[in-house]
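Asks: Protein sequences appear in the order of chains A and S.
Start counting the first sequence at 1; every next residue gets the next number (full-length UniProt numbering).
Start counting the second sequence at 1; every next residue gets the next number (full-length UniProt numbering).
Any given hint could be a false lead.
[Stated by the list, open to error] Reference listing, derived: stretches of chain A covered by chain S, where coverage requires no fewer than 3 residues with Cβ under 8 Å from a Cβ of chain S:
{"id": "1", "region": "11-17"}
{"id": "2", "region": "95-108"}
{"id": "3", "region": "250-262"}
[What the hints assert, rightly or not] A few chain A residues that don't get close to chain S, going by computed Cβ distances all over 10 Å:
{"id": "4", "residue": "G91"}
{"id": "5", "residue": "I134"}
{"id": "6", "residue": "L147"}
{"id": "7", "residue": "F152"}
{"id": "8", "residue": "P153"}
{"id": "9", "residue": "Q173"}
{"id": "10", "residue": "K177"}
{"id": "11", "residue": "A225"}
{"id": "12", "residue": "Y228"}
Hints are computed from structural coordinates only; laboratory data are not their basis.
Heads up, the beta-carbon is just placed ideally off N, CA and C, and yes, glycines get one too.
The chain contents come next:
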Amino acid sequence: MASSLIIGQYVPADSVVHKLDPRTKIMMIFTFVIIVFFANNAYSYLWLTVFSLSAAALTKVKPRFLLKGLKPVWFLIVFTFLLHLFVTREGDVLTTLLGFPVYSGALIQGFQISLRFFLLILVTSLLTLTTTPIEITDAIETLLHPLKKIKFPVHELALMMSISLRFIPTLMQETEKISKAQASRGVDFKTGPLKERIQAVVPLLVPLFVSAFKRAEELAMAMEARGYRGGEGRTRLRELEIVARDYVAIGLFLVVMVGLFYLRT
Amino acid sequence: MTLNQVIFDNVSFRYAEDQPWVLKNVSFSIKQDEWVAILGHNGSGKSTIAKLMNGLLFPDEGAIYVHGMEVTPETVWDVREKVGMVFQNPDNQFVGTTVRDDVAFGLENRGIDRRIMLNRIEDSLTSVRMSDYLFHEPHRLSGGQKQRVAIAGVLAIQPELIILDEATAMLDPRGRKDIMMTVNDLREETKVNLVSITHDLNEIVGADRVIVMNEGEIWLETVPRELFKQEEALRQIGLDVPFTAKVTNRLKDIMDFDQQPLTQKELLDQLWTFHSKK
Ligand SMILES: Nc1ncnc2c1ncn2[C@@H]1O[C@H](COP(=O)(O)OP(=O)(O)OP(=O)(O)O)[C@@H](O)[C@H]1O
Ligand SMILES: [Mg+2]
């Protein structure tokens with residue numbers, strides 16, 4: 001359980017998308033999130049759909065995992081569609097559904113908005129599916145690097161993120177241990193009214209916090225003993241490097257962008 | 001020339017003004033290439049000594065010199081360049097998300113070039129027999145393996161002095177044996193000063209000298225062989241001698257030993273040659 005959590009959604013595979021520099025991926029996805037809103041006709045939507053599906057295919061991640069990432073939002077996508085279907089009043093009345101008139105414009109708009117939603121979720125989930133959290137952390141550190149000029153603690157933020165990543169599984173294991181210990185003393189987490197269940201969590205949280213603080217203190221001391229004195233003058237083992245592959249990807253993405261602006265009306 | 005690498009000169013320390021002294025007039029020195037074990041019951045001030053040695057704490061009275069430098073807030077970073085420390089809890093000193101990243105941490109802090117880093121990581125993980133675990137996350141390692149990674153992290157910075165503060169205390173017997181084996185190998189391979197802190201007398205067998213702490217004071221300074229003879233006195237300050245020493249001390253009533261055996265093998269050798277010597 002813990003191991004699936006640390007990697008989050010990351011699905012290891014040997015694909016070009018996995019190998020892309022995380023900064024390239026973040027920048028492209030960030031741009032995609034913006035340009036999705038520029039699609040305004042069937043061609044431009046089709047264009048973006050083709051792009052998104054090809055990108056997803058390139059990751060070599062099994063569709064099963066892709067759909068798992070979409071699971072929590074299916075409901076929202078369908079809901080958005082239905083909302084538009086009943087609320088929008090444009091075009092001709094096609095039919096009546098449950099006593100409501102359904103307009104042709106509503107059908108089109110509902111479809112567009114849910115498709116946009118679907119593409120957004122799909123493409124953003126490609127980042128976490130193909131990039132390890134630590135890569136994302138490294139990318140954020142380098143991308144935010146310019147903010148150092150305005151005294152934004154970039155290095156500290158990245159260090160905090162990587163230490164959290166490091167300790168999530170440890171704390172998960174500990175939570176499991178404590179909850180078993182408390183359950184063996186008769187604390188019931190699973191049944192009963194909500195209020196009682198919330199109260200049952202207290203004896204779980206208190207020891208967990210106590211131990212987390214102790215860990216933090218010891219870790220800080222160990223880091224100091226190992227010569228840590230802030231980001232100044234540090235070198236890095238993990239290096240990000242933009243290579244030919246990344247330039248090709250960025251080039252292709254620019255083609256997608258130009259195509260989109262050509263196709264939209 | 002034998003240089004004194006670590007000198008404690010009349011060191012006294014307390015954690016706060018209103019608290020009792022944790023160390024009282026502690027003086028000792030450690031020579032070049034020496035392995036010194038510090039022994040003592042819980043709360044006798046062992047960890048405090050370790051923390052004073054690399055400037056995590058500073059003495060209230062007296063002075064500490066490490067490799068010719070007095071340990072003060074000004075010199076502390078230079079001191080830490082030379083001193084590597086392994087703590088008790090395997091989990092709470094593992095900083096990296098993988099073995100490789102963790103060993104790199106100390107090197108990154110020292111601003112060491114990436115290519116040198118990769119070599120040093122490789123070498124130090126090989127010497128603790130962990131090179132097959134380069135990309136393992138800490139939760140996929142046993143306690144003993146994590147401690148070996150911690151030792152590798154210390155080796156990578158090529159220190160002059162390594163302090164092990166009860167590095168085996170939270171491990172199972174197999175993990176302990178593993179770490180002690182690693183430490184013994186290290187002593188043979190490199191000429192590094194070693195300070196190992198423990199309350200397990202089994203772990204001092206390989207040491208050149210033992211400092212026994214009691215209530216913040218040095219109670220005894222001796223060699224392991226001599227220490228094992230003092231079973232009764234050690235028991236009084238809450239320490240238990242290993243089984244080999246117990247057997248030897250019981251047998252002393254009926255036979256003479258050439259010297260106090262340190263290991264089971266030494267004891268057996270003396271036992272089976274005993275008759276032929278008579
Ligand atoms: N951070 C602290 N603040 C106040 N008192 C402390 C602190 N750390 C340790 N002490 C006290 O100092 C004394 C010596 O502690 P120290 O940790 O050096 O003992 P130790 O010999 O390492 O014991 P152990 O075998 O349990 O590790 C103890 O009485 C302890 O209560
Ligand atoms: Mg201690």
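Asks: All hints are to be evaluated individually against the structure, with a verdict given for each.
Replies: Evaluated hints:
{"no.": "1", "hint": "11-17", "in the structure": "violated (count 0)"}
{"no.": "2", "hint": "95-108", "in the structure": "violated (count 0)"}
{"no.": "3", "hint": "250-262", "in the structure": "violated (count 0)"}
{"no.": "4", "hint": "G91", "in the structure": "holds, 54 Å"}
{"no.": "5", "hint": "I134", "in the structure": "violated, 5 Å"}
{"no.": "6", "hint": "L147", "in the structure": "holds, 21 Å"}
{"no.": "7", "hint": "F152", "in the structure": "holds, 21 Å"}
{"no.": "8", "hint": "P153", "in the structure": "holds, 17 Å"}
{"no.": "9", "hint": "Q173", "in the structure": "violated, 7 Å"}
{"no.": "10", "hint": "K177", "in the structure": "holds, 13 Å"}
{"no.": "11", "hint": "A225", "in the structure": "violated, 5 Å"}
{"no.": "12", "hint": "Y228", "in the structure": "violated, 5 Å"}
The structure shown violates the earlier hints numbered 1, 2, 3, 5, 9, 11, 12.
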